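Engineer: Take a look at the letters that make up each chain.
There are 2 protein chains.
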Amino acid sequence: MANIEAVAKQAGVSVASVSRVINGTAARADTEARVRKAIAELDYQPNSAARALKVRQSEQICLSFDDLANPAYIAMTRGVGRELSSSKYRLILSSAFSSVEEIVKHLQTMGRGFADGLIISPIYSDERITKLISALQMPVVLIGNLPDGVDVDNVHVDSSAGIAMAVEHLIQTGRTKIGLINGPLTTKPGVRRKAAFEKAIKAAGFKFDKASVIQANTFSPEAGYFAFSEINDFSKFDAFICANDQLAAGAMKFASENGISIPGDIAIVGIDNTDIASLLHPTLTSVDLKAEERGEIAAQLILDRLANPDRASKQITVEPKLVIRESTAKK
Amino acid sequence: MANIEAVAKQAGVSVASVSRVINGTAARADTEARVRKAIAELDYQPNSAARALKVRQSEQICLSFDDLANPAYIAMTRGVGRELSSSKYRLILSSAFSSVEEIVKHLQTMGRGFADGLIISPIYSDERITKLISALQMPVVLIGNLPDGVDVDNVHVDSSAGIAMAVEHLIQTGRTKIGLINGPLTTKPGVRRKAAFEKAIKAAGFKFDKASVIQANTFSPEAGYFAFSEINDFSKFDAFICANDQLAAGAMKFASENGISIPGDIAIVGIDNTDIASLLHPTLTSVDLKAEERGEIAAQLILDRLANPDRASKQITVEPKLVIRESTAKK
DNA sequence: CGCTTAACTGTAATCGTTTACAGTTGCGAT
DNA sequence: ATCGCAACTGTAAACGATTACAGTTAAGCG
Chain A
26 MANIEAVAKQ AGVSVASVSR VINGTAARAD TEARVRKAIA ELDYQPNSAA
76 RALKVRQSEQ ICLSFDDLAN PAYIAMTRGV GRELSSSKYR LILSSAFSSV
126 EEIVKHLQTM GRGFADGLII SPIYSDERIT KLISALQMPV VLIGNLPDGV
176 DVDNVHVDSS AGIAMAVEHL IQTGRTKIGL INGPLTTKPG VRRKAAFEKA
226 IKAAGFKFDK ASVIQANTFS PEAGYFAFSE INDFSKFDAF ICANDQLAAG
276 AMKFASENGI SIPGDIAIVG IDNTDIASLL HPTLTSVDLK AEERGEIAAQ
326 LILDRLANPD RASKQITVEP KLVIRESTAK K
Chain B
26 MANIEAVAKQ AGVSVASVSR VINGTAARAD TEARVRKAIA ELDYQPNSAA
76 RALKVRQSEQ ICLSFDDLAN PAYIAMTRGV GRELSSSKYR LILSSAFSSV
126 EEIVKHLQTM GRGFADGLII SPIYSDERIT KLISALQMPV VLIGNLPDGV
176 DVDNVHVDSS AGIAMAVEHL IQTGRTKIGL INGPLTTKPG VRRKAAFEKA
226 IKAAGFKFDK ASVIQANTFS PEAGYFAFSE INDFSKFDAF ICANDQLAAG
276 AMKFASENGI SIPGDIAIVG IDNTDIASLL HPTLTSVDLK AEERGEIAAQ
326 LILDRLANPD RASKQITVEP KLVIRESTAK K
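Residue numbers (the numbering used here), protein chains in the order written: chain A, 26 to 356; chain B, 26 to 356.
Simulated from the structure, these hints should not be mistaken for laboratory data. A quick note: this is a predicted structure, and the numbers were derived from the prediction, not measured. Among the hints, a few may not be true.
Repeated chains share a single entry, so a pair holds when one copy, or any two copies, can fit it.
Claimed, not checked - Taking lysine-lysine pairs in the DSBU-like style, the calculated list, with each CA pair at most 35 Å apart, reads:
id, residue 1, residue 2
1, K227, K346
2, K213, K62
3, K62, K79
4, K62, K130
5, K79, K156
6, K113, K156
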């Protein structure tokens with residue numbers, strides 16, 4: 026309610042002095058005391074929007090991703106948060122719950138005054154988002170695959186390499202009939218994981234069978250459960266790679282309910298190496314895509330860019346790591 | 026970069042007309058076309074901070090909680106998000122990663138211009154937060170227990186009743202030596218769950234033994250694992266209630282690694298009924314504290330308050346529900 | 001072709017800050 | 001006491017939008 030002018034009047038000084046006291050610029054002890062007293066008396070708090078307008082900074086960084094239910098993004102957020110907590114910037118999260126329009130609108134609003142920088146990790150490969158990213162007139166870091174022709178700071182993980190590791194590991198542990206429970210093809214990871222899987226299978230000298238890829242329609246445990254329930258003949262497979270740990274967990278639940286032994290009959294590899302991997306029974310072998318580390322790096326990139334607006338854009342690649350647990354033990 | 030004045034000049038109209046076109050107020054087709062053309066040419070986006078300053082609204086609601094790693098809060102966020110998505114307000118999240126100071130500062134900044142309303146679910150019972158809440162000059166909804174003397178909109182769940190249900194269920198299924206793996210006593214849920222447990226045990230006609238409460242120092246699976254590992258003599262117990270599903274998951278992991286049968290030797294009840302409950306092996310009986318529903322209600326309360334600033338504050342109570350699964354089957 | 005009225009447009013004030021600039025004050029040195 | 005200089009303070013102009021109000025244009029109608 027009270028504004029800086031009211032405080033100035035109450036303290037018997039000018040608005041400039043009030044502002045200076047608040048922002049820690051030089052002020053006589055006497056002046057400062059009166060201003061602080063007036064602030065306390067009026068319960069004054071500066072208006073952030075006005076400040077942001079004037080100084081052209083909000084001291085906020087916005088992290089945006091699509092799927093709050095996905096633990097990989099939560100880990101990413103942890104990474105960003107840790108890195109930012111030692112800076113002057115606050116982290117705000119914006120997670121779109123429905124349409125691409127919504128997310129585009131959200132980002133634009135953020136971009137024009139509510140945030141100084143944006144870290145965005147879009148799962149859906151909609152070209153409107155791509156356009157938006159290149160149109161955004163503010164520091165942006167993209168986590169995930171950089172679309173062609175977009176020149177922004179970027180951190181991504183070589184998930185193909187991760188899938189190759191998983192395939193290799195399965196083959197080394199004696200599996201020959203490997204399937205993929207994939208995420209939706211409307212998402213970037215869905216598209217990329219399928220391609221990577223096909224490539225890895227061929228690279229290992231097997232022939233790729235389209236029927237070995239089963240599409241789930243979300244990245245959830247329910248979808249994994251449903252995917253497994255649709256398989257008529259489990260004897261065609263002795264291993265599955267699942268596009269994330271959630272899908273793997275759902276699949277394993279179906280297996281345990283239906284007398285399919287893991288890893289006895291079927292080996293399972295998850296992706297993301299989230300907390301759940303070591304809690305499942307059996308514990309889940311999973312490809313760690315280093316979400317938390319990617320978050321950290323993204324935050325570093327944005328801070329660096331904020332401090333140094335004209336530098337060339339950087340693209341950073343993180344290496345995945347296969348974490349071996351019980352679900353892929355030898356038969 | 027471009028501001029409204031530049032657009033006005035480019036289009037050969039006044040800034041007022043530009044503003045009206047943007048905000049959908051009446052404009053001649055001719056005028057509108059020229060303005061839109063100018064906007065496109067200059068790649069103009071209105072500055073949110075300036076708009077927020079002038080109209081005294083940001084069209085943002087801020088949801089704040091402490092622990093992003095806790096799936097219960099994620100569920101809560103889902104509830105808030107769903108409810109808000111049909112309103113004109115956007116949801117932003119602010120999750121504190123370290124000190125109370127940080128969260129206080131964050132909320133204040135939000136409060137003065139960056140958000141029109143605040144939904145806050147503090148886990149730590151620091152009185153500075155309480156003070157802050159009552160001092161905040163904006164619509165606030167508190168999810169969780171309302172401190173004495175604070176008169177704000179509130180939604181809370183009767184977790185004592187939930188714990189009583191769990192105790193009752195355990196007794197009915199033949200358990201007599203019930204323990205509690207509690208969360209840290211520095212958190213509100215930690216304090217309250219312990220008290221509720223003691224009360225429920227006594228209400229059931231058992232005598233309460235202090236040694237039956239084991240304190241974990243976080244709400245994580247690791248803490249649950251560690252808590253179980255510290256128990257010397259499992260024969261003293263035939264059931265445990267865990268202060269959340271995460272703790273339960275960790276405890277079950279220890280059990281499975283150490284030949285303790287669940288539910289054979291020990292029955293386990295979790296709290297929160299998160300996704301993981303049905304993915305664990307055995308599946309976990311859990312007290313559903315309706316986090317998602319509480320989020321929805323909180324969002325409704327804040328929208329209602331925003332539409333109706335002078336109404337008396339409302340306190341809403343949600344009833345918990347026990348979801349019975351395998352981990353508490355009869356011996 | 002005037003007149004009335006509705007529809008649109010422009011001017012300028014305003015929101016609550018910050019900050020350049022000029023003006024004032026206080027203090028030590030002479 | 002006076003001067004010089006540093007340290008502080010106040011005035012007023014921004015920042016980029018919205019909007020009341022008054023002024024203009026267009027349209028409808030006899």
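Engineer: Could you tell me which of the hints above the structure violates, numbers in ascending order?
Structural biologist: none
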